[in-house]
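**Student:** Please build the complete structure, drawing on both the sequences and the hints.
Keeping their order, the protein sequence lines are chains A and B.
Add 2 to a position in the first sequence, counting from 1, and you land on the number used in my numbering.
Add 26 to a position in the second sequence, counting from 1, and you land on the number used in my numbering.
No wet-lab data here; the hints were simulated from the structure.
Incorrect hints may appear among the rest.
To be verified - BS3-like cross-link-like pairs, simulated, lysine-lysine; straight-line CA separation at most 25 Å: (1) A:K108 x A:K130; (2) B:K103 x B:K50; (3) A:K108 x B:K137; (4) B:K133 x A:K108; (5) A:K130 x A:K147; (6) B:K137 x A:K8.
As the list claims (entries may be wrong) - Some chain B residues close to chain A (C-beta under 10 Å, calculated; not the full set): (7) A31; (8) P42; (9) I44; (10) V47; (11) K50; (12) D102; (13) S116; (14) E118; (15) N120; (16) A121; (17) R123; (18) K137; (19) P139; (20) F140; (21) P142.
What the hints assert, rightly or not - Here are a few chain B residues that sit away from chain A, every Cβ distance over 10 Å (derived from the structure): (22) D32; (23) T34; (24) S41; (25) R46; (26) E59; (27) L72; (28) S78; (29) I99; (30) S100; (31) L113; (32) V119; (33) G129; (34) V152.
Quick reminder that beta carbons are idealized off the backbone N, C-alpha and C, glycines included.
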Amino acid sequence: MNVIPKNEMDQRVVQMMERMCFVLVDPMDEDHGAAANHRANIDFWGDQCRGNVSIEASDGFLLEVASSLLGLEPEDLDDSDCSAAIKELANMTCGELLELMGAEDKTLHCGLPEDGAWSSDSTPLLLKSAFDSMGEVFRIAVQVKECKETE
Amino acid sequence: MSISADKTLMIVDDSPLIRRVIRKAATQAGFQETNIREAENGQVALDQVHISQPDVVLLDINMPVMDGEQFMISIDKEGKYGDMAVLIVSTEVNAARLVRLAGLGAKGRLKKPFEPEELQDLLNRVCGDAA
Numbered sequence: 003m004n005v006i007p008k009n010e011m012d013q014r015v016v017q018m019m020e021r022m023c024f025v026l027v028d029p030m031d032e033d034h035g036a037a038a039n040h041r042a043n044i045d046f047w048g049d050q051c052r053g054n055v056s057i058e059a060s061d062g063f064l065l066e067v068a069s070s071l072l073g074l075e076p077e078d079l080d081d082s083d084c085s086a087a088i089k090e091l092a093n094m095t096c097g098e099l100l101e102l103m104g105a106e107d108k109t110l111h112c113g114l115p116e117d118g119a120w121s122s123d124s125t126p127l128l129l130k131s132a133f134d135s136m137g138e139v140f141r142i143a144v145q146v147k148e149c150k151e152t153e
Numbered sequence: 027m028s029i030s031a032d033k034t035l036m037i038v039d040d041s042p043l044i045r046r047v048i049r050k051a052a053t054q055a056g057f058q059e060t061n062i063r064e065a066e067n068g069q070v071a072l073d074q075v076h077i078s079q080p081d082v083v084l085l086d087i088n089m090p091v092m093d094g095e096q097f098m099i100s101i102d103k104e105g106k107y108g109d110m111a112v113l114i115v116s117t118e119v120n121a122a123r124l125v126r127l128a129g130l131g132a133k134g135r136l137k138k139p140f141e142p143e144e145l146q147d148l149l150n151r152v153c154g155d156a157a
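**Tutor:** And the structure:
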C-alpha cells in the first residue's frame, strides 16, 4: 500500500471541495471540538488491503455544499439534501483516497456510502483530518483493517 | 457546437444530489428538460433502455442493485447499443477497469469531482452538432 501523507490527502480534499462544490475549506486542528451532526461511512477493499473512510460534517457545511452544487439557497434545502450531500462527499473522498493509495494500477474498490454510520471499532486511524469553512466543520478518518505488504 | 433539441439523455447515478447537478449542467449544455430521464441504478436504467433508448447515457459505476459495468455488459450482450453513447461519470480511476469499460463501448469518461463546464464540454464533444 502506498503511504499517504496527510498533507497530500488534505490538499485533495481542499481541491475536491473547490472544484465540484465551490466551497472553500481550510485544514484545521483535527481534534477541534466543533460539532458535526451528520455522519457517513464507506468501506474500501482490494487485493492488498481493506478499510473504511468515516466522515462527519455539520448541518451548515452540508447545506453550503448542497446549495452550491444545486445553485439554490440553503433555506430551500432540507435534511434529505444534507443526507445526499454527506453520502456523495464520502464517495468522492474515498475515490480521492484510493487514487492516492495507487488505485490506478492496483485493484481497489469503494463500497457504497452509508448515511449515519461512523466506524467505532478500535482499529487505529491511518489518517485523520478536519476542515473549516467559515466556522462549519468537515472531518475525515481513515482506518486500514488489513494490509498485505508487497514490497 | 450545439446540442439539437431532440437529443435525449439518461442520467444513471444512485445519488439524487448528483443527478440534480448533472441535470442542471446538461440543460445548460442544451438538453431540453423534458428529454432528460433519470435512473438510480443500472437495473432501472436497463429497464428504461428496453422501453426507449436515449441518445446519451451518463453512467456512474459504483451503484447498488446493478453497477455501471454490469449495465454495460447487459447492454452489450443484448446488442442494444445502436447509436447510444455511454459516458462514464465516476470516481473510478483503475486503468484496467477503465479499459474494460471502453472495450464495452464507453465513449468517454469524466472523473468525479468534476466542474459543470467539463461535463458540458464532454456532452458537446459527444453529441454536439457543428453550428
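**Student:** If a hint holds in the structure, say so; if it does not, say that too.
**Tutor:** The hints, checked one at a time:
1. A:K108 x A:K130: 23 Å, holds
2. B:K103 x B:K50: Distance ~32 Å between B:K103 and B:K50 Cα, so the pair is violated.
3. A:K108 x B:K137: 17 Å, holds
4. B:K133 x A:K108: 23 Å, holds
5. A:K130 x A:K147: The given pair, whose Cα atoms are some 15 Å apart, holds under the 25 Å limit.
6. B:K137 x A:K8: Distance ~22 Å between B:K137 and A:K8 Cα, so the pair holds.
7. A31: Violated: closest Cβ of chain A sits about 23 Å from B:A31, beyond 10 Å.
8. P42: 5 Å, holds
9. I44: Hint on B:I44: holds, closest Cβ of chain A at ~6 Å, below 10 Å.
10. V47: With a minimum Cβ separation of about 5 Å from chain A (threshold 10 Å), the hint on B:V47 holds.
11. K50: 7 Å, holds
12. D102: 21 Å, violated
13. S116: 8 Å, holds
14. E118: 8 Å, holds
15. N120: 5 Å, holds
16. A121: The hint holds - B:A121 has a Cβ within 10 Å of chain A, the shortest such distance being about 5 Å.
17. R123: 9 Å, holds
18. K137: At 8 Å from the nearest chain A Cβ, B:K137 passes the 10 Å test, so the hint holds.
19. P139: Given a least distance of 3 Å, the restraint on B:P139 holds.
20. F140: Holds: closest Cβ of chain A sits about 6 Å from B:F140, inside 10 Å.
21. P142: 9 Å, holds
22. D32: At about 26 Å from chain A, B:D32 clears the 10 Å cut-off, so the statement holds.
23. T34: Holds: least Cβ distance 23 Å, greater than 10 Å.
24. S41: At roughly 5 Å from the nearest Cβ of chain A, B:S41 sits no farther out than 10 Å, so the non-interface label is violated.
25. R46: At about 6 Å from chain A, B:R46 fails to clear the 10 Å cut-off, so the statement is violated.
26. E59: 15 Å, holds
27. L72: Per Cβ check, B:L72 is outside 10 Å of chain A; nearest 19 Å; holds.
28. S78: 27 Å, holds
29. I99: 17 Å, holds
30. S100: 20 Å, holds
31. L113: 17 Å, holds
32. V119: Since the minimum Cβ distance to chain A is about 5 Å, B:V119 lies within 10 Å and the statement is violated.
33. G129: 17 Å, holds
34. V152: B:V152 is indeed farther than 10 Å from all Cβ atoms of chain A, at 21 Å.
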